[in-house]
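Required output: the full structure, derived from the provided sequences and hints.
Using our numbering, the first residue of the sequence shown is number 7, and each one after it goes up by one.
Honestly, the hints are just simulated from the structure, not real lab data. Don't take every hint at face value.
[To be verified] Listed next, the in silico SDA-like pairs over lysine to any residue satisfying Cα-Cα at most 20 angstroms (straight line):
1) Lys-61 - Ala-229
2) Lys-61 - Ala-110
3) Lys-61 - Ala-50
4) Lys-61 - Pro-49
5) Lys-61 - Glu-233
6) Lys-61 - Arg-111
7) Lys-61 - Ala-225
8) Lys-61 - Thr-44
9) Lys-61 - Ala-93
10) Lys-61 - Ser-51
11) Lys-61 - Arg-45
12) Lys-61 - Glu-231
[To be verified] So the derived label-pair ranges between C-beta atoms look like this:
13) Asp-137 - Glu-60: 24 to 32 angstroms
14) Gly-162 - Ser-78: 38 to 46 angstroms
15) Gly-162 - Glu-140: 17 to 25 angstroms
16) Glu-217 - Pro-38: 43 to 51 angstroms
17) Gly-57 - Asp-80: 37 to 45 angstroms
18) Thr-71 - Glu-228: 32 to 40 angstroms
19) Thr-187 - Glu-40: 38 to 46 angstroms
20) Glu-160 - Glu-217: 14 to 22 angstroms
21) Val-158 - Gly-234: 30 to 38 angstroms
22) Glu-189 - Gln-143: 17 to 25 angstroms
23) Val-63 - Glu-40: 16 to 24 angstroms
24) Gly-76 - Asp-161: 43 to 51 angstroms
Owing to the predicted nature of the structure, the values given are computational and were not obtained by experimental measurement. Glycine residues also receive a C-beta, built at the ideal position from the N, C-alpha and C atoms.
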Amino acid sequence: MVTRRELLGATAAGVTVGAAGCSAIPFLGNEPLEFEATRATVPASTREETGYEEKEVAQDVIERTFEVAGQSQDVVVTNWQAECDKAIDVGDLVEQDLPTDESARAAIFTVLSTPQVSVLGRSFNPVEDMDSRELAQQVQDNYDGMEDIEQVGEDGALVAGQETTAGEFSTEAQLAETDRTVELAMHITEAVEVGEDFVVAVGAYPRPVREVERDNVFAMMEAVEHEGGE
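Here's what the structure looks like:
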């Protein structure tokens with residue numbers, strides 16, 4: 007299927023700072039401009055309640071060089087990404103005759119903290135103005151195995167105590183453990199401003215378990231803790 011690593015990597019690439027979004031950064035000298043986010047995570051109590059496990063909390067460093075008025079400006083952006091996943095019973099996902107005691111880590115949740123890239127009082131991080139549909143398109147563009155993401159709904163959501171909008175999307179993915187294709191539901195929030203960062207949350211799971219996993223995803227969104235949010 008769309009593995010946790012592949013989907014999370016595509017998500018991070020889709021919502022982090024790119025050349026188009028940062029092209030207007032002013033030239034401020036020969037030294038690189040460096041921006042580092044503060045990490046955002048899901049607390050252990052919420053992971054335990056929802057059945058998810060934390061797999062990794064890691065930095066993602068992006069380096070770019072921009073041409074500004076004939077001068078080269080180096081920019082280094084450090085994002086934080088927290089990854090969680092959950093085992094889902096294979097028997098709940100497909101109708102074929104398969105052992106019901108098998109499971110696949112088919113439900114995933116990630117929270118990305120990316121710096122505002124603030125220069126002279128202005129933010130140059132494009133995620134600030136992207137809606138959930140645009141973020142979903144970036145995910146699709148950065149993962150070759152995902153096609154035809156369709157928006158099927160939209161909900162209000164809380165992320166790190168901030169109100170935002172979460173788009174719901176549908177796509178198909180293959181379960182690597184069973185070699186069967188299932189419909190995948192994905193929830194992507196628009197960025198919220200927390201401290202000096204923007205925070206985006208993404209949850210995805212096989213649509214047959216939506217009745218349970220949708221509530222789990224939104225519970226984790228609301229529980230997100232940002233170390234610089236106070």
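Non-conforming hints, listed in increasing numerical order
none
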